[in-house]
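Novice: Note that the protein sequences, when read in sequence, are chains A and B. The opening position of the first sequence corresponds to residue 0 in numbering that gives the first Met the number 0, with each subsequent residue numbered one higher. The opening position of the second sequence corresponds to residue 0 in numbering that gives the first Met the number 0, with each subsequent residue numbered one higher.
Any given hint might turn out to be false.
To be verified - Pairwise CB distance ranges (calculated):
id: 1; chain 1: B; residue 1: Gly115; chain 2: A; residue 2: Pro124; range: 19 to 27 Å
id: 2; chain 1: B; residue 1: Asp65; chain 2: A; residue 2: Ala85; range: 22 to 30 Å
id: 3; chain 1: B; residue 1: Pro133; chain 2: A; residue 2: Phe160; range: 42 to 50 Å
id: 4; chain 1: B; residue 1: Asp86; chain 2: A; residue 2: Trp14; range: 18 to 26 Å
id: 5; chain 1: B; residue 1: Gly90; chain 2: A; residue 2: Ile145; range: 34 to 42 Å
id: 6; chain 1: B; residue 1: Gly173; chain 2: A; residue 2: Phe160; range: 31 to 39 Å
id: 7; chain 1: A; residue 1: Gln46; chain 2: B; residue 2: Gly173; range: 37 to 45 Å
id: 8; chain 1: B; residue 1: Asp83; chain 2: A; residue 2: Ile145; range: 25 to 33 Å
id: 9; chain 1: A; residue 1: Ile120; chain 2: B; residue 2: Ser145; range: 25 to 33 Å
Claimed, not checked - Pulled from the structure, derived: some chain B residues nowhere near chain A, Cβ distances all over 10 Å:
id: 10; residue: Glu46
id: 11; residue: Gln47
id: 12; residue: Val48
id: 13; residue: Ile53
id: 14; residue: Asp65
id: 15; residue: Gly90
id: 16; residue: Thr106
id: 17; residue: Pro133
id: 18; residue: Leu138
id: 19; residue: Arg143
id: 20; residue: Ser145
id: 21; residue: Thr169
id: 22; residue: Arg175
id: 23; residue: Gly179
id: 24; residue: Asn185
Derived by calculation from the structure, the hints in this document are not laboratory data. In this text, a Cβ means the ideal position worked out from N, Cα and C, and glycines have one as well.
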Amino acid sequence: MQDTLYPWPLRLTHWLTVGLVIVQVGLAITNWLVYEPRPILAEALVQAHLSLGALAFAITLARLGLRLWLGRPAFPDVMRSATRHAARVVHALLYVLLLALPITGYIKLAALGFEITLFGIIALPALPFDPELATRARLAHRALAILLGLAVVGHALAAIFHARLFGGVVLYRMGVGTPRP
Amino acid sequence: MRRSMIGLIGTALAVTVGIAATGMLLAPVERSGESLISDAEARAGLEQVSDYGINLIAYATVRRTDGTYRRMLITPESLDEMTDGADLPEGTRILMETYYNPGQVGTVFHKQKVGGGWNYGSFSAARPDLATSPRASCLACHARASDTDFTFTLPSVMTAAESGIASDFTCDRGGRAPCGPHVYRNGAGR
């Protein structure tokens, strides 16, 4: 049974990413809601969003490296070929989005001359002033965020659906629950 | 007779040349672009505001369909220095008062042109604070107004500087989203 589990570093980084994505969505929505009545709070939320976005980027890179190094368990035998293919595509999409979102978020501010300092310590390099690039990055960031939301929901629903269909072995791979025989 | 005629014409010519030369010397030197009407008389119809420790001119009111509105204020020196087609002058301050109920000011947002770029700030009307700094949310939002010096209501600023008319128009979008660019263009002077 143990070899059907993802290695613990991959499980840890997976659930860290889940937590970060939820917090990031919450920060973005809260910023939008409180910007006008509480602009100083909203600015603090943006700073937190930038820092946690960079952390999510670093965790995703680490996760990719860990996955290459440690490998991952094979798909359960009960999963059909088409389902496995769909899972691979969604997993790849999630990795791409988790890397692209922080990059577009960085460009949309750095191309406006905004100096980004992560966690109040790490200063990121500025980009040449280019408002058009910043506007494109802003639009891309929003579109990618919506796409990530859809991919995450699809990923979670598929995992729950397969857990019910195949006795929980899919969720168990990420350390959730116990598979039924 | 002939001598007196020549003397008269010569005197008239000398006076004309003198007046023209004096006028040329005293005429204001134009900056790049065409100078706009900017004296106090031309702005007589614009409301003067001095609620925040500095003199300001109310140049636009942007209304929302939900009944909220925003009043836009600018430093009078900026109107004086406006030239047709040019960006807003260095040091310009623009304040945006938010009103959720008529006559009741909420957050006041403001920005100042520093080193050719814009810094942003905000305060409550009861405690004016004109400090500014780069702010991520403000910068990102105003980037889409790069064609109008990162100032959505620049057409209304131009109208106020040119003809002393304050704009008053309704936005085509709700919430705090900026209006469509055509609204700012078409609303100027209304």
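Novice: Take the hints in turn and mark each one as holding or not.
Specialist: Consistency of the hints with the structure:
no.: 1; hint: Gly115/B to Pro124/A: 19 to 27 Å; verdict: holds, 21 Å
no.: 2; hint: Asp65/B to Ala85/A: 22 to 30 Å; verdict: violated, 44 Å
no.: 3; hint: Pro133/B to Phe160/A: 42 to 50 Å; verdict: holds, 47 Å
no.: 4; hint: Asp86/B to Trp14/A: 18 to 26 Å; verdict: violated, 50 Å
no.: 5; hint: Gly90/B to Ile145/A: 34 to 42 Å; verdict: holds, 40 Å
no.: 6; hint: Gly173/B to Phe160/A: 31 to 39 Å; verdict: holds, 38 Å
no.: 7; hint: Gln46/A to Gly173/B: 37 to 45 Å; verdict: violated, 28 Å
no.: 8; hint: Asp83/B to Ile145/A: 25 to 33 Å; verdict: violated, 42 Å
no.: 9; hint: Ile120/A to Ser145/B: 25 to 33 Å; verdict: holds, 31 Å
no.: 10; hint: Glu46; verdict: holds, 23 Å
no.: 11; hint: Gln47; verdict: holds, 26 Å
no.: 12; hint: Val48; verdict: holds, 20 Å
no.: 13; hint: Ile53; verdict: holds, 20 Å
no.: 14; hint: Asp65; verdict: holds, 13 Å
no.: 15; hint: Gly90; verdict: holds, 18 Å
no.: 16; hint: Thr106; verdict: violated, 6 Å
no.: 17; hint: Pro133; verdict: violated, 5 Å
no.: 18; hint: Leu138; verdict: violated, 5 Å
no.: 19; hint: Arg143; verdict: violated, 5 Å
no.: 20; hint: Ser145; verdict: violated, 4 Å
no.: 21; hint: Thr169; verdict: holds, 18 Å
no.: 22; hint: Arg175; verdict: violated, 5 Å
no.: 23; hint: Gly179; verdict: holds, 15 Å
no.: 24; hint: Asn185; verdict: holds, 22 Å
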